[in-house]
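Participant: Using the sequences and the hints given, assemble the complete structure.
If you want the building blocks of each chain, they are given just below.
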Amino acid sequence: MSSEKYLEMAIATPLNQILAEHPICRDFFMNLRLTDLDWNLPLMQALDHSDQDAITEFGLDRGMILREFSLFLETFSRVAADAASIRSLTIIGGHGKSGEPEIAQWTATVGEIISIVGPTGSGKSRLLADIECLADGDTPTGRRIHIDGREVSEGQRFDMEGKLVAQLSQNMNFVMDLTVREFLEMHAGSRMTRDAENAIARCFECANELAGEKFTPETKVTQLSGGQSRALMIADTACMSSSPVVLIDEIENAGIDRRQAIKLLAQKEKIVFISTHDPLLALSADKRLVIKNGCISRIIETSVEEKNCLDAIEKLDATLLRLRNRLRHGHEISMNTVKGEEQN
Amino acid sequence: MKLITFAGPPSSGKTSVILKLIEAMAIDVNTIGVVKFDCLTSFDNLRYAEKGVRVETGFSGKLCPDHFFVSNIEAAVEWGLKCGFGTLISESAGLCNRCSPYIQGILAVCVIDNLSGVNTPRKIGPMLKMADIVVVTKGDIVSQAEREVFAFNIRQVNTAARIIFVNGITGQGASLLARHLQGARELTSLRDMKLRFTTPAAVCSYCTGEMRIGAEYQMGTMKRMEFKTE
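Residue numbers (this note's numbering), protein chains in the order written: chain V, 800 to 1143; chain R, -14 to 215.
These aren't lab readings, by the way, just hints derived from the structure by calculation.
Source: prediction; values computed, not measured.
Among these hints, one or two may not hold up.
[Stated by the list, open to error] Sample of chain R residues with no beta-carbon within 10 angstroms of chain V, all distances over it, derived: (1) D29; (2) R32; (3) L48; (4) A60; (5) G71; (6) V134; (7) V142; (8) I148; (9) C189; (10) C192; (11) G199; (12) R209; (13) E215.
[Claimed, not checked] Label pairs and their computed distance ranges (CB to CB): (14) V/R825 - R/K47: 56 to 64 angstroms; (15) R/G102 - V/Q816: 26 to 34 angstroms; (16) V/Q816 - R/V14: 55 to 63 angstroms; (17) V/K896 - R/N104: 52 to 60 angstroms; (18) R/I126 - V/D850: 34 to 42 angstroms; (19) V/D850 - R/E215: 15 to 23 angstroms; (20) R/N30 - V/D1110: 57 to 65 angstroms; (21) V/E803 - R/H52: 36 to 44 angstroms; (22) V/D994 - R/N104: 18 to 26 angstroms; (23) R/A11 - V/E1049: 27 to 35 angstroms.
Every residue, glycine too, gets a C-beta built ideally from N, C-alpha and C.
Facilitator: Structure representation (structure tokens):
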């Protein structure tokens, strides 16, 4: 739909009809303190009967409100339609900290999980940052990022900025005083999700599957445990976020099914980059990038042998979890607990 | 010389963003200058000095910071030209949500932080609405969902702005911001240019030092609330 069509709609259509179709428009009027308009009238007529002083305080007049309203309609209709989907992401190598060239080029496709390993300060975060800003040879590494095998055009850049990448890290917290349900409703609202009820229910279910300890939709997000918060954030990113690329900076092992979590993200048609030294996570990935002195120095495909090790590593992990749970519930620990031979 | 105006609520991370931006621009610090407009006290000059960035600080004191800005920005530009800067950045702390120290045709950046609450963008007004670029800070400590809702609420008030997430500590996002500022226009004077939004009207008895409460002490531009008893 063209800009003129939105303008025509804003001029001719009674407000309550627009609101019924685009509930988000209620926010437009709230933002301008226009809450007692005659909603049976089209915008301009409704404004005739409203408080002109209040409108002036916003530095607006009736004509400007009309223009802004049609822009608002256009912007948020676009948001609803926008999927920002990509098929692949290519990193065209730059150089390391001492100027040495890195791997020429390498492509990740949708559904792939890539772990990033390397010592502290080796440049893992720099790589994540290059991906996030769609580097174009203009960052210290000189890397370039191509999408779907092609250079990113200015228009694409504008469309994708801020929407390409979702991020998760250990430092992230919920800072809002909302229940889990309200939180998911708010996020679904901003995504203009058509079938919000269903999306929220699915996301809540996923979160609970990932979390060791269950929680209810009425739990406050600020009262979730570390593991529960992480589980909710991952499920929310997988089910609600539109970003096709997910960058993860470590997930602590606070009672959450990490393998499942990563799989969930990859299933949702996303490319998942995870910076980690957790063997369980690193080997769950399809590939791992080794970062050394600012360069991608090696790309290792997770071998069959490594994949076979995963079960053993998971057992070790389960042992630690079992020990933690016994301590949590006030039991003693014995060699049998360590070996897993003790019942309860 | 290019002029870029920055504004944002106190402690939203303006200075940190500007410092990371200067780093990301990868230019000689001697070619850049900063004018900091503040109200009573500021320690940011020390942070700029530490990085070798020339800074001048002005305090609005008892005046409205926007009135203070518009009456000093022309001289600030003259100072910048005299110093031979390639880029001059003005940084203003927006204390009331109505602040808007932006000039038509001059690149305007608003800095707000994710910790200020998801609905804050809807309450800020001209400072956010009139900006060309909105920089969001402190995104590294809130969830992805909160970042997305925050950006959505910015979009509600300012449909045209570019929204850029910048981490003021690590500098993540600063090179993207630097890229967008490249297009700032060259100027030799601000004479006859116009503000983007009117400054708050303030010509009343309290502006001139009146402190007593009561209708008989009130003169000039006043606005009274209506209280309903029903």
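Participant: Could you work out which earlier hints the structure fails to respect and list their numbers in ascending sequence?
Facilitator: Hint check: 6, 7, 8, 14, 17 fail, others pass.
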